[in-house]
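Trainee: If you read the sequences in order, they're chains G and L.
Its first residue numbered 55, the first sequence is counted upward by one per residue in our numbering.
Its first residue numbered 350, the second sequence is counted upward by one per residue in our numbering.
Treat the hints as calculated values from the structure; they're not laboratory data.
Glycine included, every Cβ here is placed at the ideal spot set by N, Cα and C.
Fair warning: there could be bad hints in the mix.
Here are the simulated DSS-like cross-link-like pairs (lysine-lysine), alpha carbons at most 27 angstroms apart as the crow flies [claimed, not checked]:
hint	chain 1	residue 1	chain 2	residue 2
1	L	K445	L	K473
2	L	K464	G	K156
3	L	K539	G	K156
4	L	K426	L	K473
5	L	K539	G	K66
6	G	K153	L	K540
7	G	K156	L	K368
8	L	K420	L	K390
9	G	K156	G	K146
10	G	K66	L	K581
11	L	K581	G	K153
FRET-style restraints, in silico, Cβ to Cβ [to be verified]:
hint	chain 1	residue 1	chain 2	residue 2	range
12	G	G135	L	P369	48 to 58 angstroms
13	G	F205	L	D396	50 to 60 angstroms
14	L	R392	G	R63	14 to 24 angstroms
15	G	T105	L	E544	37 to 47 angstroms
16	L	N486	G	L138	38 to 48 angstroms
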Amino acid sequence: MLVQKILTRNPKAELYYDLVELFTGIALVGFLWTHMVFVATILLGSDLFNTLSKSLDDYYLSYVGIPIIVLIFLMHILSAGRRLPTRYQEQKIIWRHAKMLKGTDTWVWVFQTITGAAIFALASIHMFVVLTGWPITATTSAGRIEAFWWFYLVLLLLGEYHAGFGIYRQFVKWGWFPRKPLGYVSKVITVIILTLGLAALWVFLQLGGA
Amino acid sequence: MSTRKFSIFRYNPNTPEVKPFMQEYTIEEPPGMTIFVALNKIREELDPTLMFDFVCRAAICGSCAMVINGKPRLACKTLTGDLKGTVTLMPLPVFKLIGDLSVDTGTWFRHLSVKTKSWIHSSKEFDPNAIEDRMDNETALEIYEAERCIECGCCIAGCVTANIREDFLGAAGINRVARFMVDPRDERSKKEYFEVIGSDEGAFGCMGLMACDDNCPMQLPLQMQLSFVRRKMVSFGLSAK
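Extracted from the complex, chain G is given alone in its bound form:
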């Protein structure tokens, strides 16, 4: 053994990493789905949307929740991102392997890494834009979406894909349920949330910006 490895050895490091990946992932899926249900209140009218936004503000939930979510977001990037193969040869091996094997779950994972990296960039932009245009109201949201609907469409698809399959793979890894029904349930939830999201986008587009 090498001295630098002996001095820094922590046999539980991988365990903690794995748990952080699991819990931050579950928290982010929970957040995303709640977020999309909140956004979808626009389907029931601007008043409800504004009331909800304002009450989250009034009870300081936004001010507590957002920093926590940002922190969880970063922790998830570090823990799940540690798996990302970055070397040229590793990349080549994985693409070759995925094409050869044609395994559904293997391809799902390849896209999981791609969508993950893309969400890192796009969600950061989204957070920056929303936070600098605080507070959230139906009018400002509609304005953003009118101008950048394509950005939100892409982010919605990436986010739902990553969350839906992410939760599926964590459940598979921890073996709480068998794979087949699990895949089905996560797809159904994803389709529901996606439909809500698309409908909300459409309504915002119809509202138009200020």
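Model the placement of chain L on the given structure of chain G, informed by the hints.
Mentor: Quick look at chain L alone, frame taken from chain G:
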């Protein structure tokens, strides 16, 4: 009689100046032909230099595993009639290539056995004259289920992590440890088990892509074995001082 075309990976590490290439062979296809039979036919009738492994031709020895049309399979258990068009044969990745379709799984599995200390750790002195300790049927079946592994290497070849990380023990390794964890005769402590497999080389290296579970020729319940060990490792790791 119909014919069947094969596209087979050729490379001999002893002659590295000849780059890897795919060679095509066409042979007659009698009904019920397995890849194992086809390869023997090719070697007898067309090309005596073709290298591949087999021993038992009955899905017991695990020697003839190879990548058949992209999937890790046993040559002796795969019927050509179940495949469409040209059959593409590649050697298993991850294991050391001996030549063409032949790989050395033995060294890899030997390392696995040493690394996971695959023997019953008992402080009891063995008395050859004593009656064996009884084991309840349920436990015996659980052990037997894990022991059905024939060490063909299909789970390792299909695994993305094993393909990019040479030290990853894969489903075969984790399944092996699961076998000892359910064995009441093994006296290893939580800490000892955690040392063996509670790392990225073992339980936490798995990313859950389940190519092992999808491609095991013995249909071992690998998803459940992997997750069982993962959960155990969390509880062992968190409780061990």
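Trainee: Now, for every hint given, state plainly whether the structure supports it.
Mentor: Okay, the hints, checked on the actual structure:
no.	hint	in the structure
1	L:K445 x L:K473	violated (39 angstroms)
2	L:K464 x G:K156	violated (31 angstroms)
3	L:K539 x G:K156	violated (38 angstroms)
4	L:K426 x L:K473	violated (42 angstroms)
5	L:K539 x G:K66	holds (13 angstroms)
6	G:K153 x L:K540	violated (40 angstroms)
7	G:K156 x L:K368	holds (26 angstroms)
8	L:K420 x L:K390	holds (22 angstroms)
9	G:K156 x G:K146	holds (15 angstroms)
10	G:K66 x L:K581	holds (14 angstroms)
11	L:K581 x G:K153	violated (34 angstroms)
12	G:G135 x L:P369: 48 to 58 angstroms	violated (34 angstroms)
13	G:F205 x L:D396: 50 to 60 angstroms	holds (58 angstroms)
14	L:R392 x G:R63: 14 to 24 angstroms	violated (50 angstroms)
15	G:T105 x L:E544: 37 to 47 angstroms	violated (56 angstroms)
16	L:N486 x G:L138: 38 to 48 angstroms	holds (46 angstroms)
In the structure shown, a violation is registered for the earlier hints numbered 1, 2, 3, 4, 6, 11, 12, 14 and 15, in ascending order.
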